[in-house]
Amino acid sequence: MSDVVLSIKDLHKSFDGNLILDGINLDVKQGEVIVIVGPSGCGKSTLLRTIKGLETYEIGSISTTDPKAQVGMVFQNYELFPHLKVIDNIILAPMKVNGTPKSEAKEKALEFLDRVGLKDKANSYPRQLSGGQKQRVAIVRALIMNPEIMLFDEVTAALDPEMVREVLDVMLGLAKQGKTMLIVTHEMQFAKAIADRVLFLDGGKIVEENTPDEFFTKPKTKRAKKFLNVFEFDAIR
Amino acid sequence: MPDLGLDVLFKGSNFLRLLEGLSEAAKISLIAIAISIPVGLLVGVLMTSKNIILKVLFRVYLETIRIMPQLVLLFIVFFGTTKTLGWKLDGETASIIVFSLWGVAEMGDLVRGSLVSIPKHQYESSKALGLSKNQTFLYVIIPQTVRRMIPLSINLITRMIKTTSLVLMIGVVEVLKVAQQIIEANRMSSPNAAFGVFLMVFLLYFVLCFVISSIAGMLEKRWS
Amino acid sequence: MNWEFIHKYWPLYEKAAILTVRIGLLGILAAALIGVIAAFIRYRKIPVLNKIVAFYIEISRNTPLLVQLFFIYYGLPKVGIKLDAEVCGIVGLAFLGGSYMAESIRSGLESVDKIQHESAISLGLSNRQAFTYVIFPQAISTSIPGIIANVIFLLKETSVFSAISVMDLMFTAKDLIGLYYRTTESLFMLVVFYLMILLPVCILGSIVERRVRYAGFGT
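Chains A, B and C are the protein sequences, given in the same order.
Here the first sequence stands for residues 1 to 237, numbered as in the working numbering.
Here the second sequence stands for residues 1001 to 1224, numbered as in the working numbering.
Here the third sequence stands for residues 2001 to 2219, numbered as in the working numbering.
Do not rely on the hints blindly, as some may be mistaken.
Partial chain A-side listing against chain C, Cβ under 7 Å, derived [as the list claims (entries may be wrong)]:
id, residue
1, Ile-8
2, Tyr-57
3, Ile-59
4, Ala-93
5, Val-97
6, Glu-148
Where chain C lies over chain B, by a calculated footprint (3+ residues, C-beta under 8 Å) [said to hold, decoys possible]:
id, region
7, 1008-1014
8, 1029-1039
9, 1070-1077
Note that these hints are calculated values from the structure, not bench results.
Everything numeric in this text was worked out from a predicted model, so none of it was measured.
Here a beta-carbon is modelled for each residue, glycine too, at the ideal position from N, C-alpha and C.
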């Protein structure tokens, strides 16, 4: 299994006496796109945060095959730095972490911005952008560090509906390029389109693991069926 | 153990005299507060009216009081008005005048600030419920205003108490003056009295203000 | 109003004003430095130091500057710490102002969402880099109105220095009133000089406050 880039074994995490992650086992392969769904409070965001190292855990292990592998993360509320222009948001980490010279970092940043259609916003401040634009900048900011794995934590949940598409398109583009991604989302159609594998989390456990086609048409478990039903309505007339 | 001049504090009625000095300071601020609260309330409510002249007048008054150091105001009232108006004013009265002018300005602004900070929809929803204007004021607006205001007014009281230390400079016999007198009187017997006595004044002010501001802090936490 | 008198003693006030401003600025700078350090300690909740700083803040905020100065100027020499009046003024102002600055800066630091720190860490920045480049700049911009209010407050507080015989504006005014009974003129110059010092800072403060409140970054 040389193509496994991230391996999670028997991961347990509790907070205030509540078990939030209850024995997660997961191997992520190079270039794989995994979508994690589940009811709110099921632990899916915590899983991503724990992988990123923002949360501690008690039992188990998280390891990347390449110990120096970068993990990038994009948050629900973008978390751009409001005091920095778009371009400075993007080049901060390359300059301070990797020591890349400013001109070189800038050039690369503009190239990345161009790819998501935001080159003309380089000198804007975050507050001058729409939500969708902010989220695309946040993705670029994470990508420029050339991460092995990208984590997306409900990145469209805070967006107005008409802006969801532009962000999802960027992510679809990344999937096509073969980026390894873990995505927590409520966009079921999008999940179906982008996922190689769907994980259904409930009560801190992976309850079901399936292909997207199978999961969304005939889920194996009762709980997943119930969860998916929430998104459908029977006609009342 | 070096002589820290602490023994002076326990000689005769020295400690009691210090407390009396402190109570003089407290008296000035209490009288000023007693004047500031009702007048400040009135001024604050008037400020929310739409009368431009009133608003401008109050603004000028508030900013004038705010920009000048309190000691300058004390000097103006104590030295200045006695000269120009020809009346005789003792330091204590001058202090009460200055502290009241200051207190009314700050209280007025607090009241105005908390009245305008009540969101408009509070008035609208009260109206929608059928409450009259007076009922709205009595049952909805005032309770909310008071909660916002009380911790802030207590802060104003501690600021005033701290500022009373300045009245020494216009000849009022308060705690610092008493301290100086005690140190002077015991110059021969305990040459280091300045350390112990001023330390005690420091602690007295601290205890007084700390207790009051802790109450304000508790109320703020409880009502926020 | 006797303009001749004013003309004659104007330079005396000028000298006193320069002294007031000099002590004020040095004290405020020191206060800002103490404030940043103390705020950082409180924000990070560094054990032991956090308790000490909290204690210092309570002591400093709950005692009048004049009482602090009397203790420093008249009390401390008795235990061998002798400072001249000007230095006392600077030390007193720094001791008082440090706590006010600390509280303003700390509330700025706390207004920055914790996830901003996480987001910086996620990009690979170290804790220190996240603080320096992400948290602190945002915190300072929200603290600035508070900091300017503190500067005004501290400049006003300098008026008590005359009590420890610093020859500042108050000292000069009181001296002239006592010597020549020229009360109106002496007080007039006193007010004019304080206005010259304080008005610019007040105006700057209201401009900055408006900018921070209504605009923020990028407008």
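Broken hints, by number: Per hint list: 1, 2, 3, 6, 7, 8 violated.
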